[in-house]
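**Student:** Order-wise, the sequence lines are chains A and B. Per numbering that gives the first Met the number 0, the very first residue in the first sequence carries number 0; after that it's consecutive. Per numbering that gives the first Met the number 0, the very first residue in the second sequence carries number 0; after that it's consecutive.
A couple of the hints might just be wrong.
Derived lysine to any residue pairs resembling SDA-like cross-links, with alpha carbons at most 25 angstroms apart [unchecked claim]:
hint	chain 1	residue 1	chain 2	residue 2
1	B	Lys629	A	Glu123
2	B	Lys511	A	Asp80
3	B	Lys210	A	Val11
4	A	Lys1	B	Pro58
5	B	Lys18	A	Glu125
6	B	Lys18	A	Asp83
7	A	Lys1	B	Tyr123
8	B	Lys511	A	Pro82
9	B	Lys629	A	Met0
10	B	Lys18	A	Ala77
11	B	Lys18	A	Glu74
12	B	Lys629	A	Glu125
13	A	Lys1	B	Lys629
14	B	Lys18	A	Val11
Please keep in mind that the hints were generated in silico from the structure rather than gathered at the bench.
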Amino acid sequence: MKVTVTVNGSQVEAEVPDRTLLVHFLREQAGLTATNVGCDTSSCGACTVLLDGQSVKSCTLLAAQADSRAVQTMEGLASSDDPDAMHPVQRAFRAEHGLQCGFCTPGMVMAAVSLLAENSSPTEDEVRAALEGNLCRCTGYHNIVRAVLAAAGENQSAQAGAAAASERQA
Amino acid sequence: MSILGTRVVRTEDPRLLTKGGTYVDDMRLPGMARVTFVRSPVAHAMITGIDTSAALAAPGVVAALTAADLTDLGPPPPDDGSGGEVNETLPLPAGGPWTEPLFAVDRVRYVGEPVAMVITDDRYQGEDAAELVSVDYEPLPAVVGYDAALAGSTQLFPAAGTNVVVVGGAPADDSAFEGCEVVVERTFENQRLAPIPMEGRAAAATWEDGKLTAWVSTQNAQITRFVLAGVLGLDPGAIRVVAPDVGGGFGAKVALDRDAILVVWAAKHIGHALSWSETRSENLLGMTQGRAQRQTVKIGGSRDGRIQAYRLDIVQDAGAYPRMGGFLPFFTRLMATGAYDIPNVSAASTTVVTNATPIAAYRGAGRPEATAAIERAVDLFAAEIGKDPADVRRMNLIPDGKFPYQSPCGAVYDSGAYTGALDKVLAGAGYRELRAEQARRRERGDVLQLGIGVSSYVEITAADAAGGETAQLIVHDNGTATVYTGSSAHGQGHHTAWAMIVEAELGIEMAKVTVIHGDTDLIPLGTGTYGSRSLQLGGVAVHRTAVEVKEQARQLAADLLEASESDLELDTGSGTWQVRGDPASSKTWAEVASHAGDGGLTASVHHTAQPTFPFGSHVAVVEVDTETGKARLIRHVTVDDAGTVLNPVLFDGQRHGGIAQGVAQALYEEVAYDADGNPLTSTLVDYAAITAAELPSFELLTSETPADNPLGAKGIGEAGTIGSTPATQNAVIDAVSHLGVRHIDMPATPERVWAAINAARGTL
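Extracted from the complex, chain A is given alone in its bound form (with noise of 0.2 angstroms):
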């Protein structure tokens, strides 16, 4: 069947066999192979992508369940890999030491990304709990924790920034 699914803003179409899974297609029929399967049973969020702005599994999905519809993977997170043009829960991740093989990043920063677009304040428990369904072998999730929080102030202080911008500007 033929899917069309945009891809960190580029549309992406492709013929593909109706069985085929969002996170093969994200990394044969898009290339782009960030996005990673770590489990055949939904339990370890390495394949974590942003669906029309909520977080999946796409190792859970059709591709066919995401024709017409938006993904962002990391690879859509910046433009480069310039530390300063680095998505704030990039940067953060880098800064606390939130990655040690890079397999589970792509996910978890996903993952991150999503609950804070839900959460701008989490508490550590909710950050804890809001990780649960994505694995880390390496870090013991001490510093992943600690950078999804300290990208949570670092959003907050820049909305703050802007809203005392704003105000100046009234």
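Please build the complex by placing chain B on the supplied structure of chain A, with the hints as guidance.
**Tutor:** This is chain B only, laid out in the frame that chain A set:
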């Protein structure tokens, strides 16, 4: 100020955080086909027939291969004359009657053993075609567990005549216990664990113009090449092995598994680029697992708390094929007495085969098992004499004045300050206040009881330091530098650490230092990363190349500046050579390297050393719900001393990951089989891999006792795991000890804790 010892964020991360890494499954080779294995669905059976014809007729199938196709291998290794005796000090697969085949030939010995492979254009076709390979199995009784293996009524290797692979250690001499006022004896299980690197096993390969190129998810490309050359009968020069980004290893990617060998062989056999990345379900069946020891401890001493005798008897389950199964208990015995000065010790082990996934290294590899046993034994002893377990530890720790310490088990502990580490962690945790809070909860009869667990550990790192590690450093004529390391990164941050070492020694800033690892065409000699060896061997090797390059450069700079060598100094702040007292005269690295001539400015080192012994103490605090049995870790405080810290960011990262895996063993994780050898934990739904929601943030305290090497470094990769498991297990038992509970096996699941509480009722 030197960059060493400062917090430096990783150079690896921008790429991993934006484009993602390049793991084996990300390789796209021209014409590449996919490998899917056909694996045994039964634990023990004879194979009476294999029919691949239906699979060959399926869509997209390129080939279907079995043991019958293995016609182009190298000659088997020569008979070592051991007559099937296993050398328990070598971490090699056992040969002779214990030989592990590539494809199963006429018998399968565990669920997941590779029997055949199908090669297809895409991976979905592979899943379909693998289903069409018909294998006839004639089931045999399965050998499950230690007792069935020891009984030997069913044997996995009839030619061996026994399920016992190797016996090691001294025969027990119990006379030392006769003089003890108190003796406690107990049997524990140190359960089987799955390593679960987030990237499973993977390999890709091409055979072109007489050269084999293999990309393998491995902890050691050079050893991988050595193994491939032997099995395939090729000159090592005809093989290039590349370790691309590797998504974690934890010991399970030290050895080259038969599956990966078969993928590389098949690429050559059919002349087709191939790629294989296992599914998680395959990973939980086929990747080697860890631990799997039954331990019987006997500990004796005086009523006032002095430990006088300790005995450890181990049965090691090696799984279906004895790889490191003989080797791991060697380490457990070596480290049996842990951090304590115990005069009378005996440790013995018996390694058996069972119809289960083979056992090999997993984060700690034999040493966590030793620590778990002695730390549990010390708590049992303390409970028996009614003393605080921290006090009993302090009374028996090896005193600072005794280093280097010759342990009765044969190890020489290089340096340590064990009592200081214990006191520091107790103070950091607020031990006395915790005990007071525990007393209040006990007094009130709270449902949520508090448990405080202590462990003191010492472990051996770079155990094979005599094998050493390689490094080459080149300073280029544009002032940049390249490091080629034989060590192998898979998350530890080698690229950052090695660049820091070069910057510290030469003043060439990190951004100008490129670090390359894991490519045998560029680095033919190397050993890799395991056993917490990288920094103290590979890192020191890099340091030594920098020192050598500096001495070469001194001559060149002296020549350029027309000064005597003794008047020259390197300003590591600016990375320039200067004549002492004349800062206006200076030469950059670019200028000096340009002056070096054809050979360039380069040094190569193969650094060998002695093992080191990191140590520390952990305090775990748990809450146990006495009605449901659920235990939850609420705090974990540690002092981990691995010598001088090169980069606290990386150092603490290793501790965090180690602690989490250790806690996972104490509370959650276990590989289980049913009575017929069917795995019950073959997916991440069933295997309780620890998550963020089950852990607190950790409280890390520092202690640095330098090791005797230029960086002062010991290993830190495994220490967290070694210390945290017994601290957590002891904490759970401590939480319910007032109810009469003396021991709970790991993992301390709600069911086990609840059962222990109920069994203890009425014993008080």
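**Student:** Can you confirm whether the C-alpha distance between Lys629 (chain B) and Met0 (chain A) stays at or below 25 angstroms?
**Tutor:** violated (49 angstroms)
**Student:** Is Lys1 (chain A) within 25 angstroms of Pro58 (chain B), Cα to Cα?
**Tutor:** Holds, at about 20 angstroms.
**Student:** Measure nothing beyond the straight line between the CA atoms of Lys629 (chain B) and Glu125 (chain A); if it is 25 angstroms or shorter, mark the hint as holding.
**Tutor:** holds (21 angstroms)
**Student:** Just to be careful, I want the Cα atoms of Lys210 (chain B) and Val11 (chain A) compared with a cutoff of 25 angstroms; is the pair within it?
**Tutor:** The hint is violated at about 37 angstroms.
**Student:** For Lys18 (chain B) and Asp83 (chain A), compute the direct alpha-carbon distance and say whether it is at most 25 angstroms.
**Tutor:** holds (15 angstroms)
**Student:** Would the pair Lys18 (chain B) and Glu125 (chain A) pass a check requiring their Cα atoms to be no farther apart than 25 angstroms?
**Tutor:** Violated, at roughly 28 angstroms.
**Student:** Does the alpha-carbon distance linking Lys1 (chain A) and Lys629 (chain B) stay inside the 25 angstroms limit?
**Tutor:** violated (50 angstroms)
**Student:** Hinted pair, alpha-carbon criterion (25 angstroms max): Lys1 (chain A), Tyr123 (chain B). Please report holds or violated.
**Tutor:** holds (18 angstroms)
**Student:** Checking one constraint from the list: CA of Lys511 (chain B) to CA of Pro82 (chain A), max 25 angstroms. Satisfied?
**Tutor:** holds (17 angstroms)
**Student:** Within a Cα-Cα threshold of 25 angstroms, do Lys511 (chain B) and Asp80 (chain A) meet the stated pairing?
**Tutor:** holds (17 angstroms)
**Student:** Are the Cα atoms of Lys629 (chain B) and Glu123 (chain A) separated by 25 angstroms or less?
**Tutor:** holds (21 angstroms)
**Student:** Against the 25 angstroms threshold, does the CA-CA distance of Lys18 (chain B) and Val11 (chain A) hold or violate the hint?
**Tutor:** holds (18 angstroms)
Hints 3, 5, 9 and 13, counting from the list given before, are not met by this structure.
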